Amino acid sequence: MAPSLELIGVSKAFGAVQALRGVSLALHAGEIHALAGENGAGKSTVVRIIGGEHQPDEGEVRLDGEPVRFGGPRDAQHRGVAVIHQEPTRFPDLNVAENVFMGRQPLRKGRRVDRRAMYRRTAELFETLGVPLDPALPTRGLSIADQQIIEIAKALATEARIIVMDEPTAALSNVEAERLFRVARTLAANGAALLFISHRLEEMYSLCQRVTVLRDGSPVTSERMTDIDHDTLVRSMVGRSVEQLFPKRETKAGAEVLTVRGLTQPGVFRDVSFAVRQGEIVGLAGLVGSGRSEVARAIFGIDDRESGTVTVAGRVLPKSNPRAAIAAGLAMVPEDRREQGLILELPIDRNTSLAQLGAVSRWGLVRSGRERSVAAEWARRLGLRFGGLGDPAGTLSGGNQQKVVLGKWLATKPEVLIVDEPTRGIDIGAKVEVHALLSDLAASGMAVLMISSELPEVLGMADRVLVMHEGRIAAELSRTEANEEAVMRAATGSAA
Amino acid sequence: MRDRLLRWETILLVLCVLVLAYGAISTDGFAEADNISFLLLDYSEVALLAFALLPIVLTGEIDLSVASVLGFCSALTGALWNGGMPFETIVPLVLVAGVVLGFINAVLIVRFGLPSLAVTIGTLGLYRGLAYVVLGDGAVTGFPSTYRPLATASIGFLPYVTILVIVIGIIAMVVVHYTPVGRALYAIGLGEQTARFSGIRVDRIKMSLYLVSGGLAALASLVFTLRYNSARADNGNGLELAVVAAVLLGGVSIFGGRGTVFGVATAVLLMAGLRNVLFLGDVSNEIQNVITGLLLIVSVLVPASVRLLARRRRERPAAEPTLDEEEPCPTPTVSSQRS
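Chains A and B, in that order, give the protein sequences. With the UniProt record's numbering, letter number 420 in the first sequence gets 420, and the count goes up by one each step, no holes. With the UniProt record's numbering, letter number 77 in the second sequence gets 77, and the count goes up by one each step, no holes.
These are computed hints drawn from the structure, not numbers from a lab. These numbers were taken from a predicted model, which means no experiment stands behind them. Treat the hints loosely; a few may be bogus.
[As the list claims (entries may be wrong)] In silico SDA-like cross-links for lysine to any residue, where the CA-CA straight-line distance does not exceed 25 Å:
#1 A/K252 - A/L477
#2 A/K413 - A/R464
#3 A/K319 - B/I205
#4 A/K319 - B/G238
#5 A/K319 - A/T309
#6 A/K319 - B/S208
#7 A/K413 - B/E192
#8 A/K319 - B/L108
#9 A/K319 - B/P92
#10 A/K319 - A/F274
#11 A/K413 - A/D303
[To be verified] Okay, the calculated beta carbon distance ranges per label pair:
#12 B/I254 - A/R261: 43 to 49 Å
#13 B/R201 - A/D391: 25 to 31 Å
#14 B/V298 - A/G110: 44 to 50 Å
#15 B/G122 - A/Q105: 37 to 43 Å
#16 A/W363 - B/G122: 36 to 42 Å
Every residue, glycine too, gets a C-beta built ideally from N, C-alpha and C.
One chain only, chain B, in its complex shape (with noise of 0.2 Å):
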């Protein structure tokens, strides 16, 4: 499994050098700072919604609410900065609404039990509907330039909203695959009730995964907010349909249980590298949109075919001397549930 998974990544990984290169070699502009830059800071927040998905993913749950949860913060932000309230208190409050609002997703997704695709589309219209409540239908603009920087800025070619998406990507990293808890995320994802029969505090896991990405949302907002030095409340409108390609196309299974943080990643990255590569080339927004699509069903198909055809070979052997496993077959030995 670990071979496979690895050989997608290693894909993912050329596909992504031969779309730089490409860049650099044939697409004037490409190579310059300023546009390293920029291709880099498109993405952030994709790449912060991301990591914040992968783990939900993982065990086999979704929020599709993430985009709108931006959007609501970015509202929020803007509404408290037009009511006069310093920035440095915003921010903390803001974060807090981002966890607020994944709470309320995991309270009807954990404690009510409703599926997290139906509750999370729910509050992605909900969410965004109250981004609108709390802002109308304007922007606020004229963010103190002592933070904006922060968002725009960069050392180098190097953005430093960059280096707080690697510093989250790592941290992702080492708690999805290094921690008790990153094991209980793909052992969730295979086999729930093996799970909680193992001691895996199941729910508490998913409750905290949502706040988790609440809390990133918001985090992403901030960011969107002060690079646009515009709060809307229609910021990151869809943004989460790139969200859910980035982890899709970076080998992660819908189904639960199987993905990497380096390969969500590398998708981030292809996927920003792909788009400037065609934003530079002239090439029309309907086009990219269309280019961007069919990558997502490749990258989602070929990983499953490569999986079907590695599991036909595998269980075509092997079906034959399991014949004592299987319930139908009454033995005088083994007890099966009807006699």
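If we strip away everything but chain A, and leave its shape as in the complex, we get (with noise of 0.2 Å):
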């Protein structure tokens, strides 16, 4: 029998960027098919072709064996296809029936909703798929995972028979999960071919029964879960050699600079703790949702912390307050460039001085000459291409805004500075100068702590590497410990 939903030498492109290469792919009706590789790898491009979203610049889609091209997500939900997000509630203010039934719902004599055939339609999809839930109950407030059988419910309200799952696991809770997987197989057993997109290695061992995996875009093996091991499947997936982005630089450790004590916060993190030196980037890696920036937002001040002390070049931070945070030498370079790092309306040199006004006034006024000054020195240090200091910040490429955001941020003349995701969404050329900025740094005794989602660029930048799980550090590994493997095993949460 023909697989429901094939994907044949399947690639595609956004500008320069190959997201993906020759993709081959069969789901089969009655399967749960697994979708794994590193952030990046190409996996939601899949999913996006497989909705409709895009269409592939070569290969081709088949659909029971024949070929089809969608003309949309609509065209791909008329034919057959659902996917379910990771986040997925449309209308929060409607109940759940109404969600279930949106856009079709059904209809009695003058065009009128028949809302009680909707109930009792919505009151059966559930009892197919196990699940109590109370269709008149508003959406708003329902846990995620609940919101994800909604999506599901609505999918088989459209005789969905290929079902596509994004990560829906990376929102919720073992018991949830639990529940989905269920949910999952009974889908499977009433004929339905399945994708799913996890990190969680145990999670596809338990749930499906063949995985592919992508790497930079690339299909690097296609097995029965059976036939494939722990080790062999992580190495597929992060397998790729270091490339010469990361100008490190040796350095040798000095004094602690950065210390971090049993840093807790219910539900987001525990007891973390740790410390950073003089002259050492210490990198700290772990799948999203594992509490990575909310660790590094809680030491900065940003957000709250129950208990546990952050101390900076001696001094003891207080809780919630980035301003003595700064003054005590902290400087932070935070996840969301547009929204947390730069003021995109104000000129290059206000966003310079914003960490720093006191500094650049006198009497209590801003002398906006003095500003002027250290913003032009800080672009000439960083290499900013600009055309003059008084054009918007969002008028710069991404990679000049966060030059804008590393120039404001040293500009305070920092003991320790956290980058959070530094290079993400900028362009190569700019990337290896962040990562040479930050080596010569380093390299001049600054102590730097690094977020990223990006292994390699964790590995070829820290001294050290902290890898983060479920809102705990689970390993802790020095330079030459370090590897793709390593950290990644312990960053899924599977024994070494």
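Make one complex out of these two single chains by using the hints.
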């Protein structure tokens, strides 16, 4: 029997970036198929192609053996494809049944919505899924797990035969995930073909029959789950050589300048303790949602923490007080450049001075001359490409925007620099520059804590790697011990 | 950005000069010292309240309760004067009362995180109601003649009150445009998260803006009470509309982050001049309101559409090369939230 859905040699490029290269994948009725790979390996692009959002540049999509070309997400839906997103709700003010039948409400005479039929059929769907959920419940305030069930019920209501679950368990508790697995098995038993995406290897082993691994947009392997062991799977996901992207300089670590002890915020992170010394780059790795950024935000004082202490250069920082953190010599290049790092509408010079307005002032007045010269100095030192210092920061390219953020923080002359995803969304050239800068800063004695979802970046730049898993530090690896497999193993919570 | 704002303020200034010149040339009695004093006095409370509102709007918040704070403080002045308290004691008490009312706004908005629009619409009603509780329907008059001239007399055509307004305006200008706090106001309005990450004490700044607003409203209430020699619970009723109008007409963005003290001051002068010219020209009150209303709409419409046009022109060519920015295309080396 032909597979329910098949990708054959599919390639897809976005501009100069090749997202997928010759990916083939077959989803069979009654089977749950795992799609594995690092962040950026191309999994989301596969999902979007199956869901009809993107068209392949090369290769073809086949439905029951027949080549098809989806005219868009709605077309794909009509042909029986449903995609369940990680955080799905669409209409929080409507109730469960209204969401399930959104756009396809059963009608009675006079084109009025037949509410009774709608509630009855929703209840039937939940019965099939074995989940007790009240169709009349408002969706606002429902857990993400319940919202996903609604999406699945919606898929069933459209008689979807191909169901894609895009990292559904990332935000679920273990109990909720178990319930989701039961539902997935029921769907498969009823003849649907499922594609399941997850970072958690143990889930793939317990749920899926087959796995396809992507790396850098290319298919690495496609095996039956029973034929591939844990180590081989991890290696096939990450096994790429560390490129010369990382101009790492050897440095001698000096005194301890950032000390974190027993940092705890219930439900977010627990008992996080570590130290960073002068001249050292410490990488903080882990999956999305493992609590890395949250720890950094709590250290800096943006978020609250329940207990634990943070000491910068001998000074104990008060809770929730970024100003005190800055005064003590801490700087933080945040994760979201546009919303947290910069004010896009303000000129470059005013962005640069924002974290140290006191320092460019005299007698309580901002000296714009001083402000300008500080901005000009950092623009020069970081090789910023710009028109004038009075241009809004939003007119710069991503890499140059990041340089403005770095300049803004380096101008505060920090002892400790926290960088959260320092190279996200910037081009290769700028990336290398940022890496070289971090290396130079460490060599000049700065302590750097680097959070990154990109394993090669962490491994290439860090002297030590801390790996977080579910809010705790799961492993601390020296530069010699740290390799992609070891980090991934700790990050996914599998035993070493 | 700065050029465009300057342009709006230039337009305002030109309009203002035109209105004043028209008044001087074609309206009898306009250019006389008495009338100029009257014109300036007439909008002095609006000016004080607008200077209080401007920094709040810059941070993206609003305070609609300013005129009700004025009303309450006026009523309190009357009640205390009726009770026989010396005026020298009343003044500091009333100023403190204004600050307290501002503090209540601040706590609700900043500590409890409630939307400032809803909170200050609520306190607009609440404070006005309390004013009636304090003083009832009546009016208190007979304030000491030692102090009344402070609110009514002039040096030549320049009333003392206008000197006070100018001093407050200069202080506002310095604080908003030349101090770290002023920079912080714009930063909060344009990107509150970034401001927090930059160590700007967003909550503390917002709190203090409402305290200042309450204090200035109390000051305006003293001016109002002495000027009319009448303390009433309905003093300044509806004045918040004129204040908001002046701030918006001054080119301040209701969404925060844009606007200048100069613009607001010019807008107040323009509104005062226009009303005076219409008044002298025997234009009815209704028509005056229609004209001010239209002016307000135009003032919001013009800068907004200019900005929209400018942005369209800027963004169209820039859209292409920033492909690497876009979250939804996963690249082999760039990690995005979902794989």
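(request) Just pull the numbers of the violated hints for me, sorted ascending. (result) 4, 9
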